[in-house]
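> With the hints in hand, could you dock these two chains into one complex?
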Amino acid sequence: MGYVAIADRDHDIEHHDPDTFITKYIWSQDHKVIAIQYGITAIFVGVIALILSAMMRLQLGFPDTFSFITPENYYQFVTMHGMIMVIYLLTALFLGGFGNYLIPLMCGSRDMVFPYMNMLSFWVYLLSVIILLASFFVPGGSTGAGWTLYPPQAIMQGTPGTDWGIILMLASLGVFIIAFTMGGLNYVTTVLQARCRGMTLMRMPLSVWGIFIATVLGLLAFPALLVSAIMMLLDKTLMTSFFMPAISSFGQDPGYTGGSPILFQHLFWFFGHPEVYIVALPAFGIVSDLLSTHARKNIFGYRMMVWAIIAIGGLSFIVWAHHMYVSGMNPYFGFFFATTTLIIAVPTALKVYNWVLTLWEGNIHLRVPMLFAIGFIFTFIHGGLTGLFLGNVTIDLPLSDTYFVVAHFHMVMGVSPVLVVFGAIYHWWPKITGKMYNETLGKWHFWMTFLGTYAIYLPMHYLGFQGVPRRYFAMGNTDFMPASAQDLNAWITLSALFVAFTQILFFINVFWSLKSGKKADPNPWDATTLEWQTPDTPPKHGNWGHDLPECHRWAYDYSVPGYPDDFIPQNVPPEDAPAGRQHGVPEH
Amino acid sequence: MSEAVIEPTGGAGVVHDWSRDKQVFGVPWGKAMMWIFLLSDTFIFSCFLVGYMMVRISTTDPWPNPSEVFGLTVMGQSVPLLLIAIMTFVLITSSGTMALAVNMGYRKDRKKTFWLMLATAVLGATFVGMQAFEWTKLILEGVRPWENPFGAAQFGSSFFMITGFHGMHVSAGVIYLLIVAFRVRNGFYEKRGGNYEIVEIAGLYWHFVDLVWVFIFAFFYLW
Ligand code: HEM
Ligand SMILES: [Cu+2]
Numbered sequence: 000m001g002y003v004a005i006a007d008r009d010h011d012i013e014h015h016d017p018d019t020f021i022t023k024y025i026w027s028q029d030h031k032v033i034a035i036q037y038g039i040t041a042i043f044v045g046v047i048a049l050i051l052s053a054m055m056r057l058q059l060g061f062p063d064t065f066s067f068i069t070p071e072n073y074y075q076f077v078t079m080h081g082m083i084m085v086i087y088l089l090t091a092l093f094l095g096g097f098g099n100y101l102i103p104l105m106c107g108s109r110d111m112v113f114p115y116m117n118m119l120s121f122w123v124y125l126l127s128v129i130i131l132l133a134s135f136f137v138p139g140g141s142t143g144a145g146w147t148l149y150p151p152q153a154i155m156q157g158t159p160g161t162d163w164g165i166i167l168m169l170a171s172l173g174v175f176i177i178a179f180t181m182g183g184l185n186y187v188t189t190v191l192q193a194r195c196r197g198m199t200l201m202r203m204p205l206s207v208w209g210i211f212i213a214t215v216l217g218l219l220a221f222p223a224l225l226v227s228a229i230m231m232l233l234d235k236t237l238m239t240s241f242f243m244p245a246i247s248s249f250g251q252d253p254g255y256t257g258g259s260p261i262l263f264q265h266l267f268w269f270f271g272h273p274e275v276y277i278v279a280l281p282a283f284g285i286v287s288d289l290l291s292t293h294a295r296k297n298i299f300g301y302r303m304m305v306w307a308i309i310a311i312g313g314l315s316f317i318v319w320a321h322h323m324y325v326s327g328m329n330p331y332f333g334f335f336f337a338t339t340t341l342i343i344a345v346p347t348a349l350k351v352y353n354w355v356l357t358l359w360e361g362n363i364h365l366r367v368p369m370l371f372a373i374g375f376i377f378t379f380i381h382g383g384l385t386g387l388f389l390g391n392v393t394i395d396l397p398l399s400d401t402y403f404v405v406a407h408f409h410m411v412m413g414v415s416p417v418l419v420v421f422g423a424i425y426h427w428w429p430k431i432t433g434k435m436y437n438e439t440l441g442k443w444h445f446w447m448t449f450l451g452t453y454a455i456y457l458p459m460h461y462l463g464f465q466g467v468p469r470r471y472f473a474m475g476n477t478d479f480m481p482a483s484a485q486d487l488n489a490w491i492t493l494s495a496l497f498v499a500f501t502q503i504l505f506f507i508n509v510f511w512s513l514k515s516g517k518k519a520d521p522n523p524w525d526a527t528t529l530e531w532q533t534p535d536t537p538p539k540h541g542n543w544g545h546d547l548p549e550c551h552r553w554a555y556d557y558s559v560p561g562y563p564d565d566f567i568p569q570n571v572p573p574e575d576a577p578a579g580r581q582h583g584v585p586e587h
Numbered sequence: 000m001s002e003a004v005i006e007p008t009g010g011a012g013v014v015h016d017w018s019r020d021k022q023v024f025g026v027p028w029g030k031a032m033m034w035i036f037l038l039s040d041t042f043i044f045s046c047f048l049v050g051y052m053m054v055r056i057s058t059t060d061p062w063p064n065p066s067e068v069f070g071l072t073v074m075g076q077s078v079p080l081l082l083i084a085i086m087t088f089v090l091i092t093s094s095g096t097m098a099l100a101v102n103m104g105y106r107k108d109r110k111k112t113f114w115l116m117l118a119t120a121v122l123g124a125t126f127v128g129m130q131a132f133e134w135t136k137l138i139l140e141g142v143r144p145w146e147n148p149f150g151a152a153q154f155g156s157s158f159f160m161i162t163g164f165h166g167m168h169v170s171a172g173v174i175y176l177l178i179v180a181f182r183v184r185n186g187f188y189e190k191r192g193g194n195y196e197i198v199e200i201a202g203l204y205w206h207f208v209d210l211v212w213v214f215i216f217a218f219f220y221l222w
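Residue numbers (numbering that gives the first Met the number 0), protein chains in the order written: chain G, 0 to 587; chain H, 0 to 222.
This is chain H alone, in the form it adopts within the complex (with noise of 0.2 Å):
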């Protein structure tokens, strides 16, 4: 609009910004929708953690010591949390490469993207590797969604179900990933104006399945 008007401040001000010409936020529709995409997703991670804390106080049954449970034995020497804290360690330099590759985008570098991209890309599906063994190895010990050997079967229940939608999360972003980062190295991106923003839109998906997986570290294994 044309008019010159008097911006009006304080509380007023806010308001008169927020609800300004055409657009809220000075960022293309993609990235707008992956976020608040992603404010929804924490909504239902939010229940799942909810609902699993809430199991957790209504069972009757002892809760599992989740550091002997998830143990390593290497070398006859028994590591508390050692795969997970290695799992965590994989998913969170995934992220750095994330942010490498959105950087590398947006100075238009297709051959650097496409591998940091690629990397990324590799580490997470490394990281639903590592979690599948993990899997492998509580099942062959007698843990089942209905029942476990060590206590509440809710432990189980709650651990498959969680860590099994955050595991679909991170198959479905390495999926992404991979269709962006074979777009961007096919020039895909070239015919629409060379613009990478899309990088950014799948960064900003893997850094939250990163997060997450931060909340359920903190809130199952070592609660």
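Only chain G is shown next, with the shape it has when bound in the complex (with noise of 0.2 Å):
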């Protein structure tokens, strides 16, 4: 098995390279390539995703205006919505994505240690989008059960889609987890046991940190999610009772006893939660990059990032039950989750901290991946901060389903890791495309979206407030609500109906770019990271040509004194390092 793969060969003996178009573009084992396909897959769902809040964000703006959207339309949009951005483009595009083209070059490896097995998963993760994409055309629609699917009403009479679209969701779920653990399992074996001579796990770039302890959440959340949906099948399909109580449905006994839809909320959010820290580290790990490198400056207190991802990590998974407040708990439990939740702020803290004070006194370089980075610094603290609230069980009992969660997790979960894929694109294009983009249409790509979604989301934090409630297809005549809320829901939908816009800018960057960019330099940012050190721009297949790089140091010697530089890459040799600093910080 490990023969076959050329992962850490040291001379590429026997080494096919793929010839035909088919095997290089398409059947491609190359972990870049695979890269590219799960990017522009996930890109191309998410752009469906954001397509639907633009016609929720109509309907709530501009209510008894547009007769396409029925409530049925409506709760089908919120779910496909929240669904597809949660997993099928910010799982994909981290972990299969960034994950893919990362890890090998970061860790100086020719590529994932199974790469048929990699290309398999993009295949099948290929399998599951169709699967999701073919539930809105079947007879009865996508489901519209909410991206939580709770049982009963996930699959009971009333709610959409409970006749096919249901079972695609839960079926593409399915095809979802399997792909994602193929690629996982290589993501994880490749970190842990392909890095090159001297690459420590001390000295890895904290990109690979992040993605490598979120592929391990997802290796060990996803199984959660697999089990209820195939629990949940069971009670669609066959009438079993696993979530489903003895109920009636429209006045008739539709056949259920004795099951447990409390159990499903357990095991959901056994997965859902892992799942936020499955996009936020990978997220806090390219940020960490962004910012030390466009800042010159080493990240503030390495080790305790990379401890304080493993922390939140391991945390992650003992505090699920917080999602559950309102649905009633013994009132120790809810002591119990609040206090870890609370917990799980600190070593969050600490690392917003450390973003802050890595920018402190750098040099700091407003490019475009910049930007975006201390953009996210903003938006995290931002969603962060609501987060304190949401965790605490009083607090949280008035404020539940209703905008002042949406706000909370779109700033937490949503803005902030989009914000990081957009800086991250923009920092690595130049490596993957071996183009440069347009920096004057980056910079107002950045404005418009880091303003426009704070002109989204800050009133909606009021609405909540005010109690305006979560999945609601129209207000009605709800008195307690004043007449000026609906005035604010028409500004919420001009302003997302302006970011969704402003993504144009993105899309003619990326074709501009291609098209007639300038050629980029190998390391255009004055990076230390391996992949910045490639012989290629882009890299070409097995990475490093003959010989694998060497790891001498950390991944953040900037600006090291009596060095001809303001950087010095992972693979220079410690003879041509300064004094004290061959082997770099901290690392002795």
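Just to be clear, a hint being listed does not mean it is correct.
Computed list of lysine-lysine pairs in DSSO-like fashion (alpha-carbon distance at most 27 Å, straight line) [stated by the list, open to error]:
hint : chain 1 : residue 1 : chain 2 : residue 2
1    : G       : 235       : H       : 107
2    : H       : 136       : G       : 539
3    : G       : 442       : G       : 23
4    : G       : 23        : G       : 518
5    : G       : 442       : G       : 518
6    : H       : 30        : H       : 136
None of these hints come from the bench; they were simulated from the model.
Laid out in structure tokens, this is it:
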């Protein structure tokens, strides 16, 4: 098994370079091509999810205006939007996309340890996307159960898409999990077992750390989703009663008895909370590298950052029931889960301090990736603070299921990771394509997106305090809400449309750069990490040419006194480095 | 690395060892990956078993008595759990033959490795066969995923779901073992440096499936 792969071959003996178009770009086993395939697919479904959100906003901002959005449609849009954004866009893009691209390059390997399985992972992911999208076209349409798919309503008459939509959704999730597992095993094993010489774990760039721990979380959390999907499928198709209590539906007895809806919530959130960190940890890691590179300063507290990622990963498995305060639970459990939730804020806050301290007195270059990285710090602090509110049982109870929650999770796991995704794409674009992007266009993209999202989500906090409920098609004549709420809703919708259209700037930039962008320097940001030191840009199959690189220092030797450049790449041999910094810091 | 460094001790030493050069575990990639996969699979089975326990608590109907439901009548005598006892015995035995196969693999005794793996696969197939027999028997007695004549509907649901999922694991394992066994016999691995680590990797999976069965046996049949 291990001998087939090329990840850590020193010389490319019997190295078959793929030569036909098909083996090179379609059935490719090259981690870089697979990464791009993942990336394009994920961004494609992401755009669909964005369009869905625009449709929802149209309805909310201008009720009774758009006859093609029925209440059923609205529920289907909410559900598909949420599910696509969280799983098929962010999880797939961070792990399948950036994980695939960055892990072998940053660890100095030739490829993932099992390239064939890696390739399968993408094709199975594509299958899951096709199943998901097919659910728009089946009788009854896609499911409208909410992205949390809570039973009993998820499979009962009355919810849209209970005929086929829910079945396809569950099947698609199952297929996605298979795809993720095949990829995830590769990422974890590559990080653990196939780094280049000298690349100790404590010298890895934080991007790799974030992706690595996120993948571990995925491997341990997705099982709970898989099991709950199987059980719900059985409840739906074979009339078992795992999640379904005795219940009457439209005056009839559908024949369920004795199941536990709360069991589903536990299983779902045992997956669901770690899932939040599956999209957050890669963002944490990547943003650390962007900040350090573009501020020409070492990341503040590297080891602390690593331990914080590990601690957050571990803690994320014991906070899940903070999503279930309104489902009712023993007060001692509420106490326990509130406490663990607040404890997780400690390593998280520590990371935020370290990012800010990395910027402190740095030589900050406000290039596009850096703008997005700094934007992330703002939105993440913002979303994190509202998380502290919701983590407390007594404060959560009135706020739960209001727009305050919508605002919170969009800030913390919607906007923040998406900003990092954009920052990362701009940052690695020259390496991936060999072309430069248009800086001005990128800056416009950033400012309009960043300010636009604030225009969307700040007012939502206020609407939440007013009690505007989440997942409502229309507010109706709800007495407790001031009439001004509707004006705000219209404003939010206009902002959302603005942000959605702004993303066109990004795509223009992409195509412009591919067509007529300037040829990129191999290391345009003067970065230290190994992916910028490849012999070719973009890197060729096998990444490193004849000899694998050797790593001699950590990833953050920026502005080291006594060295001609203001950065020392990780593969610079000790004899060339200034005295006292032969092996970098903090590795002794 | 060639640095002459003072190795740290205590907690820092543990970190240092784990983060050492190139690889964390001194094992081939395939084996490391199998271990990680099994860890993930452990979570799947744990979720199944926890789910089963929870519906057993939540259901309002009485839970059937497993030793009666799973009894066999032999020569007019009802023997509780007889079939399961035999099935468990067969599966545990197959773990033994698997362990021997791994040993023979490392001795590069291709013939014995092949036969022992084949025996393991046959024992595994026997297990699946007996499980099919048990399913048939229960279905004939009226047990369905959605109802059964003995009590709580969740009994049949969890039974078919959990043993079915485990049975799929065993069946996949049988196929996996057969592929490796025939490759061992054909000299497939000779062309790749004569390395028989793959036998052990298949063995890891097999032992895991056996171990899971012990838990299913304890939680489902004995409780
Ligand atoms: C400009 C971008 C976005 C806009 C305008 C937007 C808008 C919305 C709207 C209107 C809802 C439904 C609220 C309700 O009726 O309860 C919603 C729900 C949701 N959104 Fe977004 N969203 C955006 C981006 C994202 C991103 C990037 C994520 C990724 C995490 C995300 C995740 C979710 C989730 C998980 C839900 C909950 C779905 C549910 O209640 O089942 N959204 N969004
Ligand atoms: Cu949570």
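> Look at each hint and say if it fits the structure.
Hint check:
1. With a C-alpha separation of about 51 Å, the suggested pair residue 235(G) and residue 107(H) falls outside the 27 Å cut-off, and the hint is violated.
2. Distance check on the hinted pair: residue 136(H) and residue 539(G) sit about 60 Å apart at the alpha-carbon level, beyond 27 Å; violated.
3. About 34 Å separates the Cα atoms of residue 442(G) and residue 23(G), which puts this hinted pair outside 27 Å; it is violated.
4. In summary, the hint linking residue 23(G) to residue 518(G) is supported, as the alpha carbons are separated by about 22 Å, within the 27 Å threshold.
5. With a CA separation close to 20 Å, the supplied pair residue 442(G) and residue 518(G) stays within the 27 Å bound.
6. Among the hinted pairs, residue 30(H) with residue 136(H) is inconsistent with the structure: their alpha-carbon atoms are about 39 Å apart, more than 27 Å.
In this structure, the earlier hints numbered 1, 2, 3, 6 are contradicted, and the remaining ones agree with it.
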